[in-house]
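Visitor: The lines below spell out each chain.
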Amino acid sequence: MARTPLRLLLLAIIAAAVLLLSITVGAAHLPLASVFDALTGGGDETTRTIVLDLRLPRAIVALLVGGALGLAGAVFQALLRNPLAEPWVLGVSGGAAVGAVAAVVLGWGLHAAWSIPLAALLGALLAIGLVLRIATHAARGLDTRVLILAGLVVAAFFNAIIQLLLTFASGETFRSAVFWMMGSLAAASWTSVFVLSAYLLPGIIVLLLMARPLNLLAVGEETALYLGTRVERVKLAAYLVASLLVAATVAISGIIGFVGLIVPHAIRLMWGSDHRLLLPASVLLGGGFLLAADTAARTVAAPAELPLGVITALVGVPLFVVLLTRRAV
Amino acid sequence: MNAGPVFEVRDLRFRYEGAERSALDGLSLQVDAGNLYAVIGPNGSGKSTLLKLLLGTLHPSGGRVHYSGRPVDEWSRRALAQRIGVVPQGEETVFPITVREMVGMGRYPHLGLLGRPGPEDREAIEEALQRCDVIEFAERSISKLSGGERQRVLIARALAQRPTTLVLDEPTVSLDIRHEMEIFELLAELSDRDGVTVVLVTHHLNLAARYAERLLLLDRGVPAAEGPPGEVLSKETIERVYQWSVVVSGHPGPGRDEGAPQITPLAR
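Protein sequences appear in the order of chains B and W. The opening residue of the first sequence carries number 1 in the working numbering; numbering runs sequentially from there. The opening residue of the second sequence carries number 1 in the working numbering; numbering runs sequentially from there.
In case anyone wonders, no lab produced these hints; they're calculated from the structure. Do not rely on the hints blindly, as some may be mistaken.
[As the list claims (entries may be wrong)] As a list, the in silico EDC-like pairs of lysine to aspartate or glutamate whose alpha-carbon atoms are at most 20 Å apart:
1) K52/W with E222/B
2) K235/B with E222/B
3) K52/W with E232/B
4) K235/B with E91/W
5) K52/W with E221/B
Put together the whole structure using the sequences plus the hints.
Guide: In structure tokens form, the structure reads like this:
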């Protein structure tokens with residue numbers, strides 16, 4: 001049991017290392033020493049601006065978004081007893097995106113930073129409700145493949161709605177909206193850090209506390225009931241909170257797929273699927289992974305910036321195909 | 001412990017939503033503490049439905065189910081889980097999980113959300129692993145086990161709960177004779193030595209006749225017979241319920257169950 005804290009510490013160290021690396025690299029290369037100077041309030045003004053106003057908030061947003069997506073993926077997988085479940089595949093991200101876009105189009109401008117995540121949550125809940133309804137209707141019980149199909153269909157539908165909405169957008173709005181849809185942290189600021197933290201941290205804590213009931217639900221709902229879980233209540237709470245996490249990340253950083261697939265799967269391969277380890281480990285590894293991906297996104301083709309969702313999809317899709325064709329996971 | 005019956009069922013009726021006839025229609029029974037009670041009957045006679053009603057997973061359309069003197073619906077799931085170990089049928093694991101982790105879940109009802117496992121929990125897990133003879137592959141993944149081994153792991157998880165009542169749905173399906181006998185011996189030992197009340201559903205009439213103190217024979221949702229094996233398993237009753245000719249003989253022995261009724265279905 002003492003292995004759990006050690007493993008989490010290892011992942012935390014890796015995330016911290018990626019954090020330092022991501023602050024040093026970019027259009028201006030900053031040596032570690034000057035990064036430390038800037039962090040402690042010293043150094044020259046340009047370096048301080050780059051570190052404190054640009055790279056640090058963006059890196060923290062990447063850690064939060066990645067952690068939330070990794071965790072949400074692990075939770076959806078446990079709830080649906082399905083290793084392929086993931087916010088993007090389930091259509092949850094697409095639903096959240098429709099909610100967010102609708103909020104912008106309908107002009108919920110007031111307190112936009114705070115209200116758009118809520119609109120995204122409504123969209124996310126609508127999506128997961130639709131997917132579960134379609135899947136249970138088509139298959140009597142939740143068949144893995146039917147569920148994935150339902151998710152992809154709903155995702156495609158929501159995608160079409162967004163594109164329809166965007167047809168009416170002006171050139172500049174269109175460009176930034178398309179970039180947002182492909183996933184981007186380019187707009188990250190300290191405000192996004194605060195908004196994300198307010199939505200994500202309570203949600204992450206609630207889900208981490210549900211590790212034992214999720215262990216049971218991952219085995220089976222009947223078993224969970226016989227081992228003392230109030231199944232319906234736990235499921236509802238977990239769906240709500242996991243959808244909220246996805247919605248908040250989509251509102252801030254757009255649709256980033258496959259983090260919730262790759263991350264929990266990697267942890268399970270290494271360390272098994274006890275959720276007391278899997279959930280916090282998915283947060284740490286998800287954060288570190290997305291930060292690494294974002295660092296690559298803004299440096300590989302600099303000064304151009306690659307869409308973040310494209311990078312995670314390039315890594316994630318092949319893995320998804322392997323998982324889908326090889327039944328046993 | 002209270003001296004009354006563990007399960008007390010009166011005039012129980014249940015109909016699945018949209019079904020034409022009741023799955024159970026007017027069933028009464030009583031299971032006393034420390035008994036080994038077997039429910040038998042043809043496919044679709046309502047055996048698994050009865051277990052779900054006993055466990056409060058389904059709610060009666062009529063009549064009542066009491067556990068330890070209180071309506072089963074009034075118990076919290078956690079309080080029930082601290083007393084009743086269940087071995088369900090057809091549980092499939094999707095994710096990699098070791099035998100020890102699976103058996104450890106039997107302690108969850110005693111730990112709550114955040115409680116840390118103590119020495120008593122570890123002892124209960126070790127004992128369950130040993131009694132079900134699964135300790136040598138405790139660190140292996142469930143998905144790598146044979147059907148029989150997996151079944152023993154599920155029983156071990158139920159034992160790790162340290163239950164006073166054990167409910168099993170066809171626990172020996174697809175097991176070879178040695179593993180099947182080992183499980184029945186274990187259930188008999190739990191009931192005789194540890195005073196655990198055991199309720200099981202099974203298709204093995206002959207093993208039920210040898211190990212159970214009382215049998216309930218269900219026929220399309222109504223009890224065809226209830227009582228000690230010698231009374232329930234008569235040639236007339238079996239032939240009427242199963243619609244097949246049989247001979248009933250006495251178990252030739254040796255053994256403590258010598259003379260128990262044994263059913264042999266005849267060729268046409």
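Visitor: Are the hints correct? Go through all of them and say.
Guide: Taking the hints in turn, this is what the structure says about them:
1. K52/W with E222/B: holds (10 Å)
2. K235/B with E222/B: holds (13 Å)
3. K52/W with E232/B: Holds: K52/W and E232/B sit about 17 Å apart, inside 20 Å.
4. K235/B with E91/W: Since the Cα atoms of K235/B and E91/W sit roughly 19 Å apart, the hinted pair holds (cutoff 20 Å).
5. K52/W with E221/B: It holds: about 13 Å lies between the C-alpha atoms, which stays within 20 Å.
Checked against the numbered hints given earlier, the structure satisfies every one of them.
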